[in-house]
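Residue numbers (the numbering used here): 1 to 483.
These are calculated hints, taken from the structure and not from any lab test. Where is the CB? At the ideal position from N, CA and C, for every residue including glycine. Any given hint could turn out to be false.
Claimed, not checked - Listed below are the simulated DSSO-like cross-link pairs for lysine-lysine, each with C-alpha atoms no more than 27 Å apart in a straight line:
| no. | residue 1 | residue 2 |
| --- | --- | --- |
| 1 | 106 | 47 |
| 2 | 106 | 316 |
| 3 | 106 | 307 |
| 4 | 324 | 242 |
| 5 | 262 | 437 |
| 6 | 437 | 273 |
| 7 | 106 | 242 |
Claimed, not checked - Estimated spans, in silico, between C-beta atoms of each pair:
| no. | residue 1 | residue 2 | range |
| --- | --- | --- | --- |
| 8 | 303 | 39 | 44 to 52 Å |
| 9 | 50 | 363 | 25 to 33 Å |
| 10 | 343 | 51 | 36 to 44 Å |
| 11 | 136 | 272 | 43 to 51 Å |
| 12 | 441 | 303 | 36 to 44 Å |
| 13 | 50 | 462 | 39 to 47 Å |
| 14 | 439 | 327 | 30 to 38 Å |
| 15 | 287 | 442 | 33 to 41 Å |
| 16 | 396 | 104 | 35 to 43 Å |
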Amino acid sequence: MTFIMELPDRGHASKQVETSSLELVEKPKRKNPRPSDQEIEERQMAKKARSQQLSQNRKSSEQNSASRSEFWADLGTLTEADYYICPESGLRYVKPYRFEFRVNCKRRWIGQPLETVFTEEFGGSFPAQYWRNEVDSGRITLNNRVIDTSKYKTTEESVCETGKSKDIVPYPIILRDNDCMAHVVHRHESPVLNIPIRIVFQDSTILVVDKPPSAPIHPCGTYRRNSLLFLLFLQHGLTGLKSCHRLDSLTSGIVIFAKDSKTANTLSEHMQKCQMSKTYLARIHGDFPYEHYSCQVNLGHNSRLAKASIDPENGKFARTEFFKVAYEPETNTSIVKCMPYTGRTHQIRIHLEHLGYPIVNDPIYNGRSQQDSNNEQTQGYPIEINPQYSKHPDMASLFPDIVTQGKALECTHCPSFLPRDWQFSYAPLYLHALRYKWDERRTFQTDVPNWAAHVKDQEILYQDPPMEALRFVQDHNKVADDE
1 MTFIMELPDR
11 GHASKQVETS
21 SLELVEKPKR
31 KNPRPSDQEI
41 EERQMAKKAR
51 SQQLSQNRKS
61 SEQNSASRSE
71 FWADLGTLTE
81 ADYYICPESG
91 LRYVKPYRFE
101 FRVNCKRRWI
111 GQPLETVFTE
121 EFGGSFPAQY
131 WRNEVDSGRI
141 TLNNRVIDTS
151 KYKTTEESVC
161 ETGKSKDIVP
171 YPIILRDNDC
181 MAHVVHRHES
191 PVLNIPIRIV
201 FQDSTILVVD
211 KPPSAPIHPC
221 GTYRRNSLLF
231 LLFLQHGLTG
241 LKSCHRLDSL
251 TSGIVIFAKD
261 SKTANTLSEH
271 MQKCQMSKTY
281 LARIHGDFPY
291 EHYSCQVNLG
301 HNSRLAKASI
311 DPENGKFART
321 EFFKVAYEPE
331 TNTSIVKCMP
341 YTGRTHQIRI
351 HLEHLGYPIV
361 NDPIYNGRSQ
371 QDSNNEQTQG
381 YPIEINPQYS
391 KHPDMASLFP
401 DIVTQGKALE
411 CTHCPSFLPR
421 DWQFSYAPLY
431 LHALRYKWDE
441 RRTFQTDVPN
451 WAAHVKDQEI
461 LYQDPPMEAL
471 RFVQDHNKVA
481 DDE
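Make the full structure from the sequences, and use the hints.
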């Protein structure tokens, strides 16, 4: 094939050059060809969806922040006037008050009707009709909007029309991601023992207190203003504290708080890596037959029942060292020193039950405590509570204005001080966090509780055990990091 090419000549006419064997070279194809109109449209839709998701995430974050701020909103104004100390029982009651619960839609709730979620997750003993009434009254809202129940729609109609109105939302509601639900209630809290919180140690970074029994550390369940964090503000004016470990509400003793995030992370890491020695005291049934026993049994946990169980195959590794301190023949009870090397929920209590020597008055892991509750010989030592604890004050005669407020909110608890499903839970458990040893320079300890005061040589309670008992099993060290 022959091609004729014209080559320009400077100042002269173009010359025709005949070339043979000149091949045409095609332009290489673009690595990224121009997308089709459909692909462009799909990309734009995906970009819009990402933008909407980011907007929803920011909205959810703002809702979370608002929820947290509202949750602690009245902390700075809390006074003793918000409480009532019963002179007969010695219990601290919270005067019922208006409160708004807020919760964001969890993943497992997506696609479920709102009424079903409230009945199954928060229902307790309340029937489905109760939640329907709360929705009808406007006390349950969605994304700060009232739910319109005047016209019941099908599921498809609800999904399509949800969010179109600025003021109301059609019913029934099918929950979606980032939905925020609110419920206004007349809040009644469980009473706690009116025992002052003693500060063991504090500096610019940490606070160590001797927690009284019956009060939980954080607001939870039927406790908020009667939680340790609220009571610390009430009694000592302390705020902004960050907890570094857990302690059951019925358990007393050492609790360590951090005053800043950096210290909180450091303390939590020490706890998780078993770099802090912890010593507890327990009073148990029977004559403990071992001077020293190492219990290494895997534990599982049921979050719905809030209860631990022995699970050798699928449970997490847990190790507790037990040391016998004293035996009291008159009551057939022993005092043992317990040193947990891992921090599983209810670890000491379930390990003692597994060994056949449960804590005397443990309401969960000791069936005998319920059978022997009226047996004076079993409870041979006085517990720190007035025997008149079963006589609760009459709120209708003491605070009629609060009962009136409750009626306006159709409160199911009034005129009682106590929550509707309240159960006895403020007796001090015979388990006490006696000593936490961070290092040689930082060791925090409390006084021996009343139920162990009969131990003659109390110095041994604070002594470190033999070194061979402190040696941790290295093979399980990595398991502790997974806690």
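Right, here's what the structure says about each hint:
1. The hinted pair formed by residue 106 and residue 47 meets the criterion: a straight-line CA distance of about 25 Å does not exceed 27 Å.
2. This hinted pair checks out: residue 106 and residue 316 have alpha carbons roughly 26 Å apart, not beyond 27 Å.
3. Of the pairs offered as hints, the one joining residue 106 and residue 307 holds, with about 22 Å between alpha carbons and a cut-off of 27 Å not exceeded.
4. The hinted pair formed by residue 324 and residue 242 fails the criterion: a straight-line CA distance of about 34 Å is larger than 27 Å.
5. Restraint check for residue 262 and residue 437: satisfied, since their Cα atoms lie roughly 20 Å apart, inside the 27 Å limit.
6. In summary, the hint linking residue 437 to residue 273 is supported, as the alpha carbons are separated by about 14 Å, within the 27 Å threshold.
7. With a C-alpha separation of about 25 Å, the suggested pairing of residue 106 with residue 242 holds against the 27 Å cut-off.
8. A C-beta distance of roughly 46 Å is found between residue 303 and residue 39, which places it inside the suggested range of 44 to 52 Å.
9. Restraint check, residue 50 to residue 363: a C-beta distance of roughly 51 Å breaks the suggested window 25 to 33 Å.
10. The hinted window of 36 to 44 Å between residue 343 and residue 51 holds, with their beta carbons roughly 43 Å apart.
11. For residue 136 and residue 272, the hinted distance range of 43 to 51 Å is satisfied, since their beta carbons lie about 48 Å from each other.
12. Between residue 441 and residue 303, the C-beta spacing of about 38 Å keeps the proposed range 36 to 44 Å intact.
13. Taking 39 to 47 Å as the suggested C-beta distance range, the pair residue 50 and residue 462 does not conform, at roughly 59 Å.
14. Roughly 33 Å separates the CB atoms of residue 439 and residue 327, a value that falls within the hinted 30 to 38 Å.
15. For the pair residue 287 and residue 442, the beta carbons lie near 36 Å from each other, so the given range of 33 to 41 Å is met.
16. Here the CB-CB span from residue 396 to residue 104 is close to 37 Å, well matched to the stated 35 to 43 Å.
When the structure is compared with the earlier hints, violations turn up for hints 4, 9, 13 and for no others.
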